[in-house]
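Work out the full structure: start from the sequences and follow the hints.
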Amino acid sequence: MNVRIKLFSLARDLAGFSEQMVDLGRDPRAGAVLEYLSQRNPEFADWRSSIRIAVNQEYVSIEHALNEGDEVAVIPPVSGG
Amino acid sequence: MNVRIKLFSLARDLAGFSEQMVDLGRDPRAGAVLEYLSQRNPEFADWRSSIRIAVNQEYVSIEHALNEGDEVAVIPPVSGG
Amino acid sequence: MVSLTFDPINIQAILTNVTTPESGGIDIFIGTTRNHSGGRNVTLLEYEAYEPMAVRLMEQIEISAREKWPLQKVALVHRLGRVPVGEASVVVAVSSAHRKEAFEACRFLIDTLKKEVPIWKREYFADGTVEWSGQHSQRHEINQ
Amino acid sequence: MVSLTFDPINIQAILTNVTTPESGGIDIFIGTTRNHSGGRNVTLLEYEAYEPMAVRLMEQIEISAREKWPLQKVALVHRLGRVPVGEASVVVAVSSAHRKEAFEACRFLIDTLKKEVPIWKREYFADGTVEWSGQHSQRHEINQ
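Quick note, the sequences are listed as chains A, B, C and D, same order. Residue 24 in numbering that gives the first Met the number 0 is what sits at position 25 of the first sequence, and the numbering runs on without skipping anything. Residue 72 in numbering that gives the first Met the number 0 is what sits at position 73 of the second sequence, and the numbering runs on without skipping anything. Residue 30 in numbering that gives the first Met the number 0 is what sits at position 31 of the third sequence, and the numbering runs on without skipping anything. Residue 7 in numbering that gives the first Met the number 0 is what sits at position 8 of the fourth sequence, and the numbering runs on without skipping anything.
Since the hints were derived computationally from the structure, they do not count as laboratory data. Hints should not be assumed to be uniformly reliable.
Claimed, not checked - Pulled a few chain C residues facing chain D out of the computed Cβ check, cut under 7 Å: (1) Leu3; (2) Thr18; (3) Pro20; (4) Gly24; (5) Ile25; (6) Phe28; (7) Ile29; (8) Gly30; (9) Thr31; (10) Gly85; (11) Phe102; (12) Arg106.
Just so you know, these numbers come straight off a predicted model, no measurement behind them. All residues carry an ideal CB built from backbone N, CA and C; glycine is no exception.
Next up, the structure:
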């Protein structure tokens, strides 16, 4: 199943890209995006517990079931204000 | 003993004057100003419990001993802001 | 910095005054003239003060706030005379390295100013009556 | 009213916008760029956002505040891009009939914005290094 990953801030710097369509296989959960990124850059594993995932611009749990074409954003700890 | 009474807001309206030198007799306490005003206008008695007294620009209790020439201000409930 | 003024309060100037390179948060409270009070329409407010004592107390309140919180700049400005509906009668501004202190100090400053500082508000109602703020409720309380 | 802007935030315009004849109190919080962070000198901040989601969340935060308190006007404005030291990165303004609600809502709005809204700050230090805010402390926490 194809989803659009969007990366921000430190997550983008670690991954080296800001947006990508990726195939996450069958029935993926939101957490599969972190697996995907951690496989490509082990540093992501260090960050997993502090990263939030948003699907179609809403925060979701890592158990959230993804749908074809979802926009899945990787949200490192926010620091606005 | 002579002190300068200053009246503000509703207290001034009730008394009909804003400032006056008055002789309060021997060893007066700050509360003597309220006695003085209540004798001249009984409406002051209704207000006594909500009025504060300031001597030389500092709040004092009604037991505060006055000195010759003190500036004694009658402070109705404040409503700034 | 504390002051009383008969002119409209210049909020931009106050803001410039309290902003410092060390400040991370500024909280500003602006008290404006409401068009209603106790269910009645208000057209104008008029403020008077026991001016030297008011300034002195405002300075003391600033000192108290600085003893409680690490603040950078403090501004306490109250307008006197006639204030049309919608204009600012009081402005309190506080800058601090962190927002928590700025909020707490700003709240303390306006709450204490309203309780302690000898300033009085006269309300001009749409029906033509003019009253000192709280005149009836205070009377009522005392007669109870 | 919520917005993101790459220009300096016009605080006077926000103030005009939140002032209504019914409001008795306005509380404004201004977050400014501090010249130090974690004991080091900062020369510049740069903000980025997941913009559509940030706007959406800011709108939801305004709705939450309006459910908790009777508010008249709300403004939530965050600046993006480079923000020099001393300039405002975020402004929150709330008008209400009474000051208690204005203070509480303003505090809630900025606290919630800082916790939830996908905006990130990059700090440019005087020693030439550039870091995402909290980059080291977050890492450290996780490695503990």
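How the hints compare with the structure:
no.: 1; hint: Leu3; verdict: violated (20 Å)
no.: 2; hint: Thr18; verdict: holds (6 Å)
no.: 3; hint: Pro20; verdict: holds (4 Å)
no.: 4; hint: Gly24; verdict: holds (6 Å)
no.: 5; hint: Ile25; verdict: holds (4 Å)
no.: 6; hint: Phe28; verdict: holds (5 Å)
no.: 7; hint: Ile29; verdict: holds (4 Å)
no.: 8; hint: Gly30; verdict: holds (6 Å)
no.: 9; hint: Thr31; verdict: holds (6 Å)
no.: 10; hint: Gly85; verdict: holds (5 Å)
no.: 11; hint: Phe102; verdict: holds (5 Å)
no.: 12; hint: Arg106; verdict: holds (5 Å)
Hint 1 alone, counting from the list given before, is not met by this structure.
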